[in-house]
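Please construct the entire structure, taking both the sequences and the accompanying hints into account.
These are the residues of each chain, in order.
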Amino acid sequence: MSNELRSLTLAQMRDGLKAKKFSATELAGAHLDEIERTNPHYNAFITITRDKAMAMAKESDAKIAGGSAGAIEGIPVGVKDLFCTKGTLTTAASHILDGFKPEYESTITQNIWNAGGVMLGKLNLDEFAMGSANITSYYGNVINPWKKNGSDANLVPGGSSGGSAAAVAANLAPMALGTDTGGSIRQPASFCGIVGIKPTYGRCSRWGTIAFASSLDQAGPITRTVHDSAIMLSVMCGHDAKDSTSVNMAVPDFEALLSADVKGKKVGIPKEYRPDGIDADVLRVWDNGIKLLKEAGAEIIDISLPHTKYALATYYIVAPAECSSNLARYDGVRFGLRVGGDKSLTEMYEQTRAAGFGAEVKRRIMIGTYVLSAGYYDAYYKKAQKLRWLIAEDFRKAFEKVDVILTPTAPSAAFGFDYKPINPVEMYLNDVFTVPTSLAGLPAISIPAGLNKDGLPLGLQIIGKAFDEQSVLNTAYGLESILAFNAKPQGVAA
Amino acid sequence: MNSIKNNLIKGNTGDWEIIIGLEVHAQINTKSKLFSGASTEFGQEPNVNVAFVDAGMPGMLPVLNENAVEQAIKTGLAINAQINLKSIFDRKNYFYPDLPQGYQISQFLDPIVGKGEMLLDMPDGVKKVGVTRIHIEQDAGKSLHEYKPKNTCIDLNRAGVPLMEIVSEPDMRSADEAVAYMKKLRSIVRYIDTCDGDMEKGNMRCDANVSVRKIGDPLGTRCEIKNLNSMRFMNKAIEFEAMRQVEILESGGEIRQETRLFDSAKGETRTMRTKEDAHDYRYFPDPDLLPLEFTQEYVDSIKATLPELPDAKKSRYMQEYKLSAYDAGVIVAEQEYSSFYEELAGENDPQLAANWMTGELFGRLNKMGIELADSPITARKLSGLLKLISDNTISGKIAKDVLDLMFETGKDAASIVEEKGMKQVTDTGAIEKVIDEVIAANADKLAEYRSGKDKLFGFFVGQVMKASGGKANPAMLNDLLKQKLS
Chain A
1 MSNELRSLTL AQMRDGLKAK KFSATELAGA HLDEIERTNP HYNAFITITR DKAMAMAKES
61 DAKIAGGSAG AIEGIPVGVK DLFCTKGTLT TAASHILDGF KPEYESTITQ NIWNAGGVML
121 GKLNLDEFAM GSANITSYYG NVINPWKKNG SDANLVPGGS SGGSAAAVAA NLAPMALGTD
181 TGGSIRQPAS FCGIVGIKPT YGRCSRWGTI AFASSLDQAG PITRTVHDSA IMLSVMCGHD
241 AKDSTSVNMA VPDFEALLSA DVKGKKVGIP KEYRPDGIDA DVLRVWDNGI KLLKEAGAEI
301 IDISLPHTKY ALATYYIVAP AECSSNLARY DGVRFGLRVG GDKSLTEMYE QTRAAGFGAE
361 VKRRIMIGTY VLSAGYYDAY YKKAQKLRWL IAEDFRKAFE KVDVILTPTA PSAAFGFDYK
421 PINPVEMYLN DVFTVPTSLA GLPAISIPAG LNKDGLPLGL QIIGKAFDEQ SVLNTAYGLE
481 SILAFNAKPQ GVAA
Chain H
1 MNSIKNNLIK GNTGDWEIII GLEVHAQINT KSKLFSGAST EFGQEPNVNV AFVDAGMPGM
61 LPVLNENAVE QAIKTGLAIN AQINLKSIFD RKNYFYPDLP QGYQISQFLD PIVGKGEMLL
121 DMPDGVKKVG VTRIHIEQDA GKSLHEYKPK NTCIDLNRAG VPLMEIVSEP DMRSADEAVA
181 YMKKLRSIVR YIDTCDGDME KGNMRCDANV SVRKIGDPLG TRCEIKNLNS MRFMNKAIEF
241 EAMRQVEILE SGGEIRQETR LFDSAKGETR TMRTKEDAHD YRYFPDPDLL PLEFTQEYVD
301 SIKATLPELP DAKKSRYMQE YKLSAYDAGV IVAEQEYSSF YEELAGENDP QLAANWMTGE
361 LFGRLNKMGI ELADSPITAR KLSGLLKLIS DNTISGKIAK DVLDLMFETG KDAASIVEEK
421 GMKQVTDTGA IEKVIDEVIA ANADKLAEYR SGKDKLFGFF VGQVMKASGG KANPAMLNDL
481 LKQKLS
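Taken in order, these protein sequences are the chains called A and H.
Mapping of the first sequence onto the numbering used here: position 402 corresponds to residue 402, and the numbering continues sequentially without gaps.
Mapping of the second sequence onto the numbering used here: position 289 corresponds to residue 289, and the numbering continues sequentially without gaps.
Hint data in this document are derived by calculation from the structure and do not stem from the laboratory.
Mimicking DSSO-like on lysine-lysine, the simulated pairs with C-alpha atoms at most 27 Å apart in a straight line are:
no., chain 1, residue 1, chain 2, residue 2
1, H, LYS86, A, LYS382
2, A, LYS101, H, LYS142
3, H, LYS31, A, LYS242
4, H, LYS266, H, LYS226
5, A, LYS343, H, LYS148
6, H, LYS92, A, LYS383
7, A, LYS291, A, LYS271
8, A, LYS52, A, LYS18
9, H, LYS142, A, LYS242
10, A, LYS242, H, LYS86
11, H, LYS201, H, LYS367
Counterexamples of contact, computed for chain H against chain A with all Cβ distances above 10 Å:
no., residue
12, ASN7
13, LYS115
14, LEU119
15, GLU268
16, LYS275
Beta carbons: idealized from backbone N, C-alpha and C, even for Gly.
Here it is as structure tokens:
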């Protein structure tokens with residue numbers, strides 16, 4: 001019963017709760033039991049909030065009984081531990097936020113609670129969302145529920161929303177909140193064989209979400225189906241006066257407007273996403289997606305996004321620059337970790353930050369500090385800003401001809417913990433297909449589209465025009481139904 | 001020891017010119033902070049006026065206070081400056097415990113206000129000083145060292161309070177000009193209510209960039225004196241610094257570009273940090289805030305709310321009331337002064353009103369150490385006194401005594417004059433009687449006068465006035481005395 005409950009989609013849970021086939025309390029209990037059983041393996045949760053979940057579920061049951069249920073009333077949610085949750089430990093997976101319990105609730109989580117979501121706990125991630133494999137967390141690695149055929153070796157879930165993706169893939173939650181700065185929702189979704197969408201920059205409030213790179217950070221849903229993402233996205237989006245970059249635009253009812261019909265849809269295929277040496281399985285899955293869409297009546301159009309090759313370099317200047325400034329507030333003065341300070345202020349700053357931040361975070365703070373320094377600003381930061389504009393222009397021009405763009409999500413499937421990049425840049429290559437969209441602020445989804453030769457999932461990315469999440473969702477919905485991807489991860493034996 | 005004469009330092013090697021530019025930090029008059037809803041009220045317990053964003057809490061975001069923008073535009077318009085319809089907020093990055101975010105939100109390359117100018121009334125004429133720019137930024141908090149012996153405490157009440165930084169061109173040539181600039185700026189922002197100008201509370205303070213050069217030479221290396229918070233300190237600090245630089249240069253030394261602090265107890269400036277350990281602030285546009293954009297119509301609508309400004313008011317007073325530039329300048333310095341004056345001048349001779357207000361009244365208030373706003377003598381009361389002078393009820397000399405009594409008793413002029421019998425004697429017969437008595441008692445002086453010692457006329461005036469208890473109408477006394485003596 002518990003397994004069956006947990007394998008339902010969000011939409012099915014909603015209908016089951018409405019029909020009183022099961023209660024929110026039962027649903028929460030089933031998830032919490034499984035989380036407690038398997039988290040020692042997956043390490044997807046940093047904090048499990050059983051008491052809070054049960055209290056919220058009880059309240060939801062009352063609301064459902066009283067006929068005042070919200071859009072996702074009584075449905076469990078995992079929260080990436082980058083969202084501030086009032087009274088609940090919020091870590092950003094960093095040592096430096098030791099013991100930090102915010103006095104405020106992020107707008108995104110508040111939107112989820114207002115719609116009836118039930119909080120299961122806080123999900124692991126790369127430290128301050130910096131990483132592509134969830135191996136930089138102070139709270140340890142997250143394990144992907146998928147394994148290679150015939151192998152028992154653990155694999156990374158992708159990052160930075162690795163805990164969110166692993167939890168949803170392992171049926172520890174039907175939905176999880178993620179954030180995406182350069183691919184942190186889409187890449188782990190691809191690695192874990194599930195769905196994740198990054199909406200247009202400005203759709204989701206950033207208030208109360210711990211900042212990595214403010215001009216890129218965007219929250220989004222991680223679910224097992226496109227339909228579920230549509231439901232969750234409508235709940236999350238909306239103007240927030242507390243975030244000056246939040247857009248004051250009506251939020252469509254994405255679910256109501258869902259349509260799987262791709263007939264006549266113009267789908268762009270960028271030639272720059274097909275570099276020499278691209279993984280054969282990635283290419284096969286992409287070509288298959290193109291073929292299926294064409295057969296379903298979509299118009300396939302070759303396009304060019306000429307500045308794509310600069311996107312990764314641009315991203316790894318802009319994001320570290322902003323992060324170097326955003327992370328200055330972790331200084332040991334007002335909250336979190338403090339080390340030293342008996343000798344001098346500088347000593348306290350140095351020791352606190354040396355002990356509090358991991359290697360990847362330090363690396364990015366150093367890069368960011370460098371590119372903003374006097375004498376280097378023009379050569380790096382300013383040039384990157386110009387390129388960012390050119391990359392956005394590429395998309396703008398392409399979208400004069402097409403409705404959506406189809407690309408692979410990531411250049412490979414999930415890899416093992418034994419994978420040792422020759423340098424940090426090699427790890428950054430994981431983001432090569434996702435960062436251009438982030439730089440342009442556009443909405444993009446990743447859906448599972450096939451398996452590689454090892455039996456691991458590969459995702460396809462569908463990119464849309466600014467604020468046209470509906471076309472992204474609809475194309476994904478159409479492709480999802482044609483693909484009928486139904487492979488499941490091995491999980492943890494009962 | 002060198003000295004300063006006619007704005008030049010008389011050195012051993014010749015005359016040196018002082019070059020001064022000012023960066024004035026003025027707290028913008030708003031109810032809430034620049035990027036949060038926390039109050040800006042002064043004098044609260046530490047850390048009472050602090051929103052989460054002011055404390056740099058994770059995930060908190062700034063939201064611009066529109067009122068602060070309006071106030072900055074208003075200030076720009078008041079100094080005839082260019083208003084930039086698009087400006088950008090930048091982050092100025094540095095670590096300090098009272099800077100919770102680890103950066104100050106400021107404006108760097110694209111400020112809200114561009115070039116403007118101010119006119120200063122100096123003894124030798126009007127001096128024009130260019131304003132380079134005005135930008136908006138947040139204030140930092142305060143480090144308190146007095147609470148605990150071994151710890152520093154932080155008060156974030158000021159953190160995030162809106163400031164305007166008003167930057168001048170290096171157009172000033174003396175400490176007096178610098179002080180006049182500060183006074184003029186203070187007067188303007190108080191007129192338009194964009195800053196209360198309270199230097200004691202630190203709501204208006206300035207950094208002075210000072211350098212010296214031989215006349216005609218290119219600009220010398222400057223030193224910046226930080227955080228001058230009174231006109232007196234400004235004056236002292238600038239003069240000390242200029243003299244210090246001349247001494248170094250004349251003894252063959254070089255000026256190091258550096259930031260200096262003024263020690264008000266010792267009256268000298270000393271090194272705070274040198275150029276070598278200057279911060280690299282790593283300015284970049286704040287990604288949490290969109291560029292600040294507004295329309296010309298918006299600017300025009302703010303312009304329409306500007307009151308008559310000091311310069312305009314001054315020329316009007318000179319024309320309408322025929323006041324001297326000096327008197328007009330004194331009266332328009334504060335809006336309170338000018339409304340007081342206008343009430344007075346509406347019912348009395350404008351020059352008489354100016355003399356009594358700036359001379360007698362201000363003199364007494366100064367001595368008592370109180371502001372016009374707190375004066376027990378209102379414009380209506382002073383006007384009552386001036387009317388008694390104009391209609392010859394009392395003389396100007398008696399009026400001064402009456403004013404003193406008004407301060408003492410709080411009564412109005414007419415009742416004091418009535419009660420104390422201070423009315424002027426305008427009865428010809430009565431005055432003639434006193435004159436006759438005085439002449440009779442001073443027969444010898446009369447003889448001398450008549451033999452050509454004209455100066456003795458003054459002696460007789462004095463004697464008669466004295467005998468009348470000061471109440472004789474001076475003009476009548478003069479006329480009658482002349483007749484009797486001849």
